[in-house]
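Student: Sequence:
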Amino acid sequence: MSITQQIKVAAQSAIFSLYQKTIAVDDILINETKPEFEGDFTLVTFSFTKLIGKKPDDIAQELGVELLKNDSLFSSFNVIKGFLNLSIQVSVYHEFLNNTWQNVQFGNHAHNGKKVMVEYSSPNTNKPLHFGHLRNIFLGYAMCELLKATGHEVIKANLINDRGIHICKSMIAWQLFANGATPESIGIKGDHLVGDYYVMFNDVFKSQVEDIINTKGITKEEAEKEASILLQAQEMLRKWEAGDADTMALWKRMNDWVYEGFYKSYARMGVDFDKMYYESSTYLLGRDIVLKGLEKGVLFKKEDGSVWIDLTDEGLDQKLLLRGDGTSVYMTQDIGTATLKYADFKMDSSVYVIGDEQNYHMQVLKLILQKLGEPCADGIYHLSYGMVELPTGRMKSREGTVVDADDMMDEMIAIAQKNTEELGKVDGFNEAELLKLYQTLGLGALKFYLLRVDPKKKMIFNPQESIDFHGFTAPFVQFTHARITSILSKAGEIGEANTPNYTLTSVEKNCLKLLEIYPSVLLQAAKEYNPAMVSNYVYQVAKEYNSFLVDHSILKADSEAAKHVRLKLSQLTKQVIAHGLKLLGIDSPDRM
RNA sequence: GGUCUCGUAGCUCAGUUGGAUAGAGCAACAGCCUUCUAAGCUGUAGGUCUUUGGUUCGAAUCCAAACGGGAUCACCA
1 MSITQQIKVA
11 AQSAIFSLYQ
21 KTIAVDDILI
31 NETKPEFEGD
41 FTLVTFSFTK
51 LIGKKPDDIA
61 QELGVELLKN
71 DSLFSSFNVI
81 KGFLNLSIQV
91 SVYHEFLNNT
101 WQNVQFGNHA
111 HNGKKVMVEY
121 SSPNTNKPLH
131 FGHLRNIFLG
141 YAMCELLKAT
151 GHEVIKANLI
161 NDRGIHICKS
171 MIAWQLFANG
181 ATPESIGIKG
191 DHLVGDYYVM
201 FNDVFKSQVE
211 DIINTKGITK
221 EEAEKEASIL
231 LQAQEMLRKW
241 EAGDADTMAL
251 WKRMNDWVYE
261 GFYKSYARMG
271 VDFDKMYYES
281 STYLLGRDIV
291 LKGLEKGVLF
301 KKEDGSVWID
311 LTDEGLDQKL
321 LLRGDGTSVY
331 MTQDIGTATL
341 KYADFKMDSS
351 VYVIGDEQNY
361 HMQVLKLILQ
371 KLGEPCADGI
381 YHLSYGMVEL
391 PTGRMKSREG
401 TVVDADDMMD
411 EMIAIAQKNT
421 EELGKVDGFN
431 EAELLKLYQT
441 LGLGALKFYL
451 LRVDPKKKMI
461 FNPQESIDFH
471 GFTAPFVQFT
481 HARITSILSK
491 AGEIGEANTP
501 NYTLTSVEKN
511 CLKLLEIYPS
521 VLLQAAKEYN
531 PAMVSNYVYQ
541 VAKEYNSFLV
551 DHSILKADSE
561 AAKHVRLKLS
571 QLTKQVIAHG
581 LKLLGIDSPD
591 RM
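Last residue of the first sequence? That's 592 in this note's numbering, and every number before it is there in order.
If you're looking for bench data, these hints aren't it; they were derived computationally from the structure. Honestly, I wouldn't trust all of these hints.
List of simulated lysine-lysine pairs, BS3-like, C-alpha gap at most 25 Å [unchecked claim]:
1) K418 <-> K396
2) K21 <-> K34
3) K114 <-> K275
4) K527 <-> K457
5) K148 <-> K582
Kindly generate the complete structure, drawing on both the sequences and the hints.
Tutor: Right under this line is the structure:
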């Protein structure tokens, strides 16, 4: 049980024995005592005044006396303006340290029997990944790791959007202009090659539209419908849906190029998936469920034969689920995929890592599934994140105004190399170790940068001001880890020793207090689907430790007891940093 | 226009179910490497928490309105 939890329980029973009133443990507020006051934790008494019928100061005073009877937990107290400041027995900290410093599982929670699927990445196969996708991927991966650490069984899923008009656009442009170029023949990654032709399609399309406007004098909207390259793409989509052999072969060939490129990128990012879903094999699903819903009267049909759901009671609109000709729309397909996922895994909940532009869509999806009585419905959670924007506005693959994911990773690794070489601290590294280090630092900085912000907030990234390696960054935290590793290796075996009489300094105590809450930080972060809480926490731990280190000698400590406690504290800090960073997909180097 | 969302230091962000004098990093300025890794540490400066009203012992936090950004409201995906 955590220290704050112990305090709450003690306070609850103290209140009962003093006033014969029962207060829920969760209604007792425990804060860390502000540094300007004496004490470790503060109990706020204002909320009890009504129930107990006394002044805050009196309650705090009486409660303090009562709590102090439990002398294994508390050592002293003081009362200031209704705040009861409690000091904790040093033995509590020693006990915590002794119990955890060798526990590599510290932070992990026992299995809770819950199974959860997290769908993330979910790329389109017509263009390479860009910076915005990185936020999705890192967020999804971190969320999976966080859920695992807090006791869930996790299925990492990826739904690949591998069909549709956008794919045909790349295909037709390649067919028209590539002269048979392949990733091998011109030596670029397959996803980039395909993406280049997607951009080319749009360039050609634009100029065709302009030509038509100039020659025929019609509106832009009309001209867009006449552009020959778009007509060709649409024709290709029809052929694809009809299963035309040549079209399917080209589609498969180009998609394979893209997959090869994606897998390379995923491998470098260090992310993986347990289950791939392909839209080409799920896009027809959902129709039967919709028809069943029609029979049940949950849905209704309009005169033209189209099928709708009426969500006006929920304050939303009517939503189309089947066109007049009986074909599916995007929503239909998502209904089908949701039920397919559930049929495959019977998970308790299903997390969708998708940008906030789809908030409405996801809200509607969940509502429809609930109305249809599908068992997967209630478990759906949309982990919505804000877009990554450039100072010039949103990134658009179509217009080529993106920061490419592969380029970004290359650049970060190059910066890591440059910084490392300038610092000149890598004597004795061989070539392979150096490459590994640059990758660990560069990708770490990138991941941390994207994961340190609350997911639901949009973020602006300025490529000109490249990502920093100082301050609130992964390299800073990684540096702390490397420092500790170095100290510990010089210290040798820590061994067993009893140090109950060692008086902790205030900085040491702060470090321990911070480390002690790690498991509850993870629980909170998982509950709120917010890996940024882990980033912030890990940074705090590193910061606090560095402050400690600068004025506490470890190897040359004043006493053996001090040395012993500080080594254990260092070991535990190292573990928590490595564990926390790992949840974010970031490695911790032993040297840097 | 409807719905949702955001507004905290020059910039990027924290701020745990309402709690004491609102915190970090970057940028700026001033210091600290004969001693465990200076990718570090310490200090200075920087704030009407967009505004107004409300709820109460107490509001950056909850409610309402206004202002300002963003998203969305397709027989596109």
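Student: Quick check: which numbered hints come out false for this structure?
Tutor: Hints 1 and 2 contradicted; others consistent.
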